[in-house]
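What follows is each chain in one-letter form.
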Amino acid sequence: MPHDHSHPHTDLPSDPALRVKALETLLVDKGLVDPAALDEIIETYAHKVGPQNGAKVVAKMWVDPEFRAAMLSDPMPLLREMDLYGRQGEHMIFVENTPEVHNVVVCTLCSCYPWPLLGIPPGWYKSDAYRARVVREPRAVLADFGVTLPEGKAVRVWDSTAETRYLVVPERPEGTDGMSEEELAALITRDAMIGTGLALEPNS
Amino acid sequence: MSRVHDMGGRFGDGAVNASDDATFAQDWHARALALTLAAGALGQWNIDISRHARERLSPKDYTRFSYYEKWMGGLAELLIEAGVVTREELQSGKADGISPLADRKLLAEKVAAALAAGGPADRPSDIAPAFKRGDKVRLRARSGNALVNGGHTRLPAYAAGAIGEVVIYHGTHILPDSSAHGLGEAPEPLFAVAVKSTELWEHPENPNDEVILDLWQSYLEPA
Numbered sequence: 001m002p003h004d005h006s007h008p009h010t011d012l013p014s015d016p017a018l019r020v021k022a023l024e025t026l027l028v029d030k031g032l033v034d035p036a037a038l039d040e041i042i043e044t045y046a047h048k049v050g051p052q053n054g055a056k057v058v059a060k061m062w063v064d065p066e067f068r069a070a071m072l073s074d075p076m077p078l079l080r081e082m083d084l085y086g087r088q089g090e091h092m093i094f095v096e097n098t099p100e101v102h103n104v105v106v107c108t109l110c111s112c113y114p115w116p117l118l119g120i121p122p123g124w125y126k127s128d129a130y131r132a133r134v135v136r137e138p139r140a141v142l143a144d145f146g147v148t149l150p151e152g153k154a155v156r157v158w159d160s161t162a163e164t165r166y167l168v169v170p171e172r173p174e175g176t177d178g179m180s181e182e183e184l185a186a187l188i189t190r191d192a193m194i195g196t197g198l199a200l201e202p203n204s
Numbered sequence: 205m206s207r208v209h210d211m212g213g214r215f216g217d218g219a220v221n222a223s224d225d226a227t228f229a230q231d232w233h234a235r236a237l238a239l240t241l242a243a244g245a246l247g248q249w250n251i252d253i254s255r256h257a258r259e260r261l262s263p264k265d266y267t268r269f270s271y272y273e274k275w276m277g278g279l280a281e282l283l284i285e286a287g288v289v290t291r292e293e294l295q296s297g298k299a300d301g302i303s304p305l306a307d308r309k310l311l312a313e314k315v316a317a318a319l320a321a322g323g324p325a326d327r328p329s330d331i332a333p334a335f336k337r338g339d340k341v342r343l344r345a346r347s348g349n350a351l352v353n354g355g356h357t358r359l360p361a362y363a364a365g366a367i368g369e370v371v372i373y374h375g376t377h378i379l380p381d382s383s384a385h386g387l388g389e390a391p392e393p394l395f396a397v398a399v400k401s402t403e404l405w406e407h408p409e410n411p412n413d414e415v416i417l418d419l420w421q422s423y424l425e426p427a
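Residue numbers (my numbering), protein chains in the order written: chain H, 1 to 204; chain F, 205 to 427.
What you were told as hints is all true, and nothing was included just to trick you.
Here are the computed lysine to aspartate or glutamate pairs in the EDC-like style, where the Cα-Cα straight-line distance is at most 20 Å:
#1 F:K264 to H:D11
#2 F:K264 to H:D128
#3 H:K153 to F:E403
#4 H:K126 to F:D231
#5 F:K298 to H:D15
#6 H:K153 to F:E409
To give an idea of the chain F side of the interface with chain H (calculated C-beta under 8 Å), a few residues:
#7 A236
#8 S262
#9 A312
Here chain F is said to cover these stretches of chain H; the calculated rule only asks that three of the stretch's residues, wherever they fall, bring their Cβ under 8 Å from a Cβ of chain F:
#10 7-15
#11 21-32
#12 81-87
#13 155-163
Since the hints were made in silico from the structure, they are not lab data. Glycine included, C-beta positions come from ideal geometry on N, C-alpha and C.
Assemble the whole structure, with the sequences as input and the hints as a guide.
Right under this line is the structure:
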């Protein structure tokens, strides 16, 4: 049986910052948590792991047809080679936008997100409004991001209900022929890889 | 049947605030994330148990809590239920001695390796896939956990009873409905199933839209 009892969080301070501090202090005093390990985890997701990882992969998919085909059929061996395997990215699937279909990713039940490629999700991704609405009215949600899709383009919303994690490969903008992978990666935003944005236009 | 976290399709939430886009809007958000990961590394619960702990917050708390407050609420549940800390320790804030689990503490120099190792959810299974790409399937009529009353499940209520089409076979994965309740990993086939917007909503934006969900074989029947 799941326990629906009086909730232990009521034993903690009501201010959330103090609540975290109280839990940390208790766990450190019990010898269960190393504060330096917390610093290391924060450093990892604040500065090392983020959307720049996903952008690098997508840029390579844009310029290298063989790599693109491999990433669309079985990305995990290649992600391991690129050191982009890890927690919350164990079962990646890349989904490609086309002239006919636009993809958007959500987790309606919690906040599942491909950490090794995009880092920790932004606030809006975890918000009730995004989780509730994007499955039912994706175009209205895209409008909140200033994005309008061409008339008639279908939307495919991926609800991340299992441990598979989805990353959107945006369409490559016109006028980017001859650009280097590094230049292309700068056009590939976090939102474009979630599907609430498009790749930036060159010189935008 | 479902709980407050199961909000897909709900009306009334208003606009998405696209400018709320910081990784960690407050320092304590980062601390809460790190503390949750470090406590998880003690190995006293799995990801399904921890999701269910957050989902079991009362609807009032779930709604009024910010994201990382839910994580802290869930963590307090988990620590008490697993016997890692006592209610008395939580109330007083004072540790009653060093924990017998202290030798499992995640050390700073092991963090990178622990995060890189991940926690894959695929497992070998004796259950053969009953469906293949292109097959029509009906999602279970009710979104509740079939094993445990009020238990954890990953079938969102908005999609229950809908008819869809298998688009990907993911292999065999741990069944959260079992794993969240200490009933074993019970791995079974997992599929991505595409459901047309017209199956799900009274007023779809476009009849060609679809929602794709990852669903375990026991959530599905032939249609």
